[in-house]
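This is what each chain is made of:
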Amino acid sequence: MERNEIKKEVKIIFVSVLKNNNFEISDELTANDVDGWDSLSHMVIVTEVEKHFDIKFKLKDLNKLNNIGNLIDLVALKTEQKLILPDGL
Amino acid sequence: MSEYILRNATKDDIPYLANVVIGAEKGNSNKLSYSTFFNLSEEQVRSYIIRMFEEEVDGCEFSLSSYLLYEYEGNPVASVGGWIEGFGGEVPSKILKSNLIAYTFNPESLEFVKTKSDLIKEFQAEREPMTLQIEYCYLSRRHRGIGLAENLFKRHQENAISAYPAIKKAQVQVFKINTLSIRLCESVGFKIARTYKSSNKEILNYLPSDEKCILEKELQ
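Residue numbers (this note's numbering), protein chains in the order written: chain A, 61 to 149; chain B, 17 to 236.
Possibly wrong hints are sitting among the right ones.
Said to hold, decoys possible - No more than 30 Å apart at the CA atoms, straight line, and that leaves these computed lysine-lysine pairs for DSSO-like:
no.	chain 1	residue 1	chain 2	residue 2
1	A	71	B	217
2	A	138	B	217
3	A	118	B	110
4	B	130	A	67
5	B	110	A	124
6	A	120	B	132
7	B	213	A	79
8	A	116	B	207
9	A	67	B	27
10	B	130	B	207
11	B	27	A	68
12	B	217	A	67
13	B	213	A	111
14	A	138	A	71
15	B	233	A	68
16	A	118	B	192
17	B	47	B	184
18	A	68	B	110
19	B	213	A	120
20	B	27	A	79
21	A	116	B	170
Said to hold, decoys possible - Restraint-style ranges between C-beta atoms, simulated for each label pair:
no.	chain 1	residue 1	chain 2	residue 2	range
22	B	124	A	115	16 to 24 Å
23	A	95	B	124	45 to 53 Å
24	B	216	A	116	51 to 59 Å
25	A	87	B	67	46 to 54 Å
Calculated from the structure, these hints are not laboratory results.
C-beta: ideal position from N, C-alpha, C; glycine also.
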């Protein structure tokens, strides 16, 4: 899956969870930059991204995410791994 | 006091720390927010809290490294958690906590909490970066009133100043109804800096109180 495509889909998830369209998705964007990106919405974003892309994050990966760019890269990596390693491997 | 040993929490203390979190969250009530907001029994919450501590993520209220405790006759009897918010460029504690919950709790409970988001969002306070955050505090009943909590607060402050000499402030969030905790904080120099109240009375079905206080203490 292309990075730009992931970025667009991640933006849709953010807008839906935060109920806020008043921000531009940039790689540097953090929780401190967006109204409503609090602990609960972060939790929901993580679970919605996992559900949407049919992936499961590792905790250590989640805790390294400093911004949206990191999240997009992680989704790209996980979706790529999913293609290489079928379920159960 | 000589029979009491003050030390850092270790993995063996995790079941006690789960009691600390649950006891402190309930305050003087029978409302446990992790049960009510996630539609879980207290035993389920306890097992998830234990799993979160076992992950050993530093920098939030579910970090083993955040807790100091008193041991008496070989058993933990009092504990207070504390960390420097975002210390060393770390991810904010709210994100670490959310990651732990998202990773640990069952999918049904995460779906349930989404339905309560409006109620919760209105009642969240931001933690100031690079301040000492104290949370949670709990003492086993027969060890109260002899200064253990005060000493644990003091040690947290000393540790924070030692780790980050420029630290300016410590903060505690307490439900307004929890007058014992407020008095304890005031006895060690904290003052109520602000209070905030939910406009939705429904929150009383989920939390011990609809009003919270943020207490602060200057550290320098």
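Hint by hint, where does the structure go against what was stated? Just the numbers, ascending. Numbers 1, 2, 8, 9, 10, 11, 12, 13, 15, 16, 17, 19, 20, 21, 23, 24, 25, in rising order.
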